[in-house]
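Please put together the full structure from these sequences, using the hints given.
Chains as they are written, first to last, in our numbering: chain A, 1 to 312; chain B, 313 to 380.
Be a bit skeptical, because a hint or two may be false.
[What the hints assert, rightly or not] Result set (DMTMM-like, lysine to aspartate or glutamate): computed pairs, CA atoms no more than 25 Å apart in a straight line:
id: 1; chain 1: A; residue 1: Lys-269; chain 2: A; residue 2: Asp-31
id: 2; chain 1: B; residue 1: Lys-360; chain 2: B; residue 2: Glu-333
id: 3; chain 1: B; residue 1: Lys-360; chain 2: B; residue 2: Asp-328
id: 4; chain 1: A; residue 1: Lys-118; chain 2: A; residue 2: Glu-217
id: 5; chain 1: B; residue 1: Lys-372; chain 2: A; residue 2: Asp-31
id: 6; chain 1: A; residue 1: Lys-118; chain 2: A; residue 2: Asp-58
id: 7; chain 1: A; residue 1: Lys-269; chain 2: A; residue 2: Asp-232
id: 8; chain 1: A; residue 1: Lys-118; chain 2: A; residue 2: Asp-32
id: 9; chain 1: A; residue 1: Lys-269; chain 2: A; residue 2: Asp-58
id: 10; chain 1: A; residue 1: Lys-269; chain 2: A; residue 2: Asp-258
id: 11; chain 1: A; residue 1: Lys-118; chain 2: A; residue 2: Asp-135
id: 12; chain 1: A; residue 1: Lys-118; chain 2: A; residue 2: Asp-258
id: 13; chain 1: A; residue 1: Lys-269; chain 2: A; residue 2: Asp-170
id: 14; chain 1: B; residue 1: Lys-372; chain 2: A; residue 2: Asp-21
id: 15; chain 1: B; residue 1: Lys-372; chain 2: A; residue 2: Asp-232
id: 16; chain 1: B; residue 1: Lys-372; chain 2: A; residue 2: Asp-2
id: 17; chain 1: A; residue 1: Lys-269; chain 2: A; residue 2: Glu-54
id: 18; chain 1: B; residue 1: Lys-372; chain 2: A; residue 2: Asp-40
id: 19; chain 1: B; residue 1: Lys-372; chain 2: A; residue 2: Glu-26
id: 20; chain 1: B; residue 1: Lys-372; chain 2: B; residue 2: Glu-316
id: 21; chain 1: B; residue 1: Lys-372; chain 2: A; residue 2: Glu-107
id: 22; chain 1: B; residue 1: Lys-372; chain 2: A; residue 2: Asp-170
id: 23; chain 1: A; residue 1: Lys-118; chain 2: A; residue 2: Asp-232
id: 24; chain 1: A; residue 1: Lys-269; chain 2: A; residue 2: Asp-288
Since the hints were derived computationally from the structure, they do not count as laboratory data.
Take a look at the letters that make up each chain.
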Amino acid sequence: MDLSRWSPIRLTWNGDRAVIDWCHTEGIAFDDPFFSQTVDRCLSHPFRLLFRQETGLDALCLAVEARPGLAPAGFVFHMSRCGSTLVAQMLGAPSQHLVVSEAAPLEAVLGGPEHEEKLRWLRGMVGALGQPRDDRQRRLFVKFDAWSVLDLPVIRRAFPDVPWLFLYRDPVEVLVSHGRRPGAHVLRGALPGDRFASAPDLSPVEYAAQVLASICEAALGHRDDPLATFVDYADLPGFVTSDLARAWSLVIDDEGRDRMTAAALADAKNPCLAFEPDSAAKQGTVTDEIRAAADRWLVPLHARLRQASASV
Amino acid sequence: VAAEAWVAFRRDVLADRGLQEQLLATSGRTELVALVVRLAGQRGLAVKPDDVEHALAEAKQAWRGRWI
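Rendered as structure tokens:
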């Protein structure tokens, strides 16, 4: 089976058996803010919608052994609503870079059953998603879903040499954002195999704060990892082209740097629009409940995250 | 029989990069359906426009309903 022009767009589990849905993606740049948007764009062509194929994980791993994808140059983890899409868009701006952003098939591998082959599957999925989209691309960056930081131990075992960052933001602003438009991970039971323990009497705001606290705790558990970088939203976008480029040994030419700067001027989730700072607006709409939940669950962690940033 | 023809043609396409490129070069649904019928016919496979339209509708529905 020739999978060289195809990409995995979905993975479902039937017990221990994975079913991977492949889409013909030749000629498609992975330059949307999220992988799911790229998939939707692909499937808007009737050929790509109609002619798909399915394999298991062994076929995926064999395909990647034959055609290894780009070597990962950095992983992006985050607490959500904290500038991670901006970082991904900036990292993906130079023509030598490919970013895979919150790809559902990757999350499905991480969230799948425990298995002795899991590291191989994870490397295989990253390799399959990280096939260069054109001849110029040399580096791959992977932005994970916010909750994937809970899987950091297995990701680090699979990719022990890949540097990673964790992005965070003033927790009040993150909670305000989720209050307006909740992410799946802060909605009880919305994630497959709900990965966050919860008490039944929590309010939505308290639940969101606890989930975000679990995510931040998971990242802080690896603060001594020499390949970790902790990044405050307040330090974006300049941090990416300066400190992060240094930490990740990224050689970026002038054109690439210009493209990264241009990406930072756009709204990351809707690049047709210009970026507008929203911290003041978010701080202006904080409710007492959000403030209390942030104080109880997240403010101490935020302080520890800032210490982790400062210690680098 | 029509369904068998469609399945056989689909298998041919997945195994043939040239066919994939021809079909990918189509600019829209109507053109794709016509080309599928013509290419299948050249292989002796009696695929009808309705077969392709039905398969397209099913694929679209399955993708939209993937979270349900």
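Each hint, compared with the structure:
Restraint check: the Cα-Cα separation between Lys-269/A and Asp-31/A comes to about 11 Å, which is no more than 25 Å; the hinted pair holds. Restraint check: the Cα-Cα separation between Lys-360/B and Glu-333/B comes to about 21 Å, which is no more than 25 Å; the hinted pair holds. At most 25 Å may separate the alpha-carbon atoms for a hinted pair to count; Lys-360/B and Asp-328/B meet this at roughly 21 Å. Simply put, Lys-118/A and Glu-217/A have alpha-carbon atoms about 24 Å apart, close enough for the 25 Å limit, and the pair holds.
The straight-line distance between the Cα atoms of Lys-372/B and Asp-31/A is roughly 23 Å, inside the 25 Å bound, and the hint therefore holds. For a cut-off of 25 Å, the pair hint linking Lys-118/A to Asp-58/A stands: about 11 Å separates their Cα positions. Our distance criterion of 25 Å between C-alpha atoms is met by Lys-269/A and Asp-232/A, whose separation comes to about 19 Å. For the hint pairing Lys-118/A with Asp-32/A, the CA-to-CA distance comes to about 28 Å; that exceeds 25 Å, so the pair is violated.
Using a Cα cut-off of 25 Å, the hinted pair Lys-269/A and Asp-58/A is violated, with the two alpha carbons roughly 34 Å apart. For the hint pairing Lys-269/A with Asp-258/A, the CA-to-CA distance comes to about 19 Å; that is within 25 Å, so the pair holds. A C-alpha spacing of about 30 Å is found between Lys-118/A and Asp-135/A, which places the hinted pair above 25 Å, so the restraint is violated. For the hint linking Lys-118/A to Asp-258/A, the alpha-carbon distance of about 39 Å lies beyond 25 Å, and the restraint is violated.
At roughly 19 Å between alpha-carbon atoms, Lys-269/A and Asp-170/A fall within 25 Å of each other, so this suggested pair holds. As the CA atoms of Lys-372/B and Asp-21/A are separated by approximately 14 Å, the hinted pair is consistent with the 25 Å bound. Under the criterion of a C-alpha separation no larger than 25 Å, the hint pairing Lys-372/B with Asp-232/A is inconsistent with the structure, at around 41 Å. In summary, the hint linking Lys-372/B to Asp-2/A is supported, as the alpha carbons are separated by about 24 Å, within the 25 Å threshold.
With a C-alpha separation of about 30 Å, the suggested pairing of Lys-269/A with Glu-54/A is violated against the 25 Å cut-off. With a C-alpha separation of about 11 Å, the suggested pair Lys-372/B and Asp-40/A falls inside the 25 Å cut-off, and the hint holds. For the hint linking Lys-372/B to Glu-26/A, the alpha-carbon distance of about 20 Å falls within 25 Å, and the restraint holds. Pair hint Lys-372/B plus Glu-316/B holds up; C-alpha atoms about 21 Å apart against a cutoff of 25 Å.
Restraint check: the Cα-Cα separation between Lys-372/B and Glu-107/A comes to about 23 Å, which is no more than 25 Å; the hinted pair holds. Among the hinted pairs, Lys-372/B with Asp-170/A is inconsistent with the structure: their alpha-carbon atoms are about 41 Å apart, more than 25 Å. Under the criterion of a C-alpha separation no larger than 25 Å, the hint pairing Lys-118/A with Asp-232/A is inconsistent with the structure, at around 32 Å. At roughly 29 Å between alpha-carbon atoms, Lys-269/A and Asp-288/A are farther apart than 25 Å, so this suggested pair is violated.
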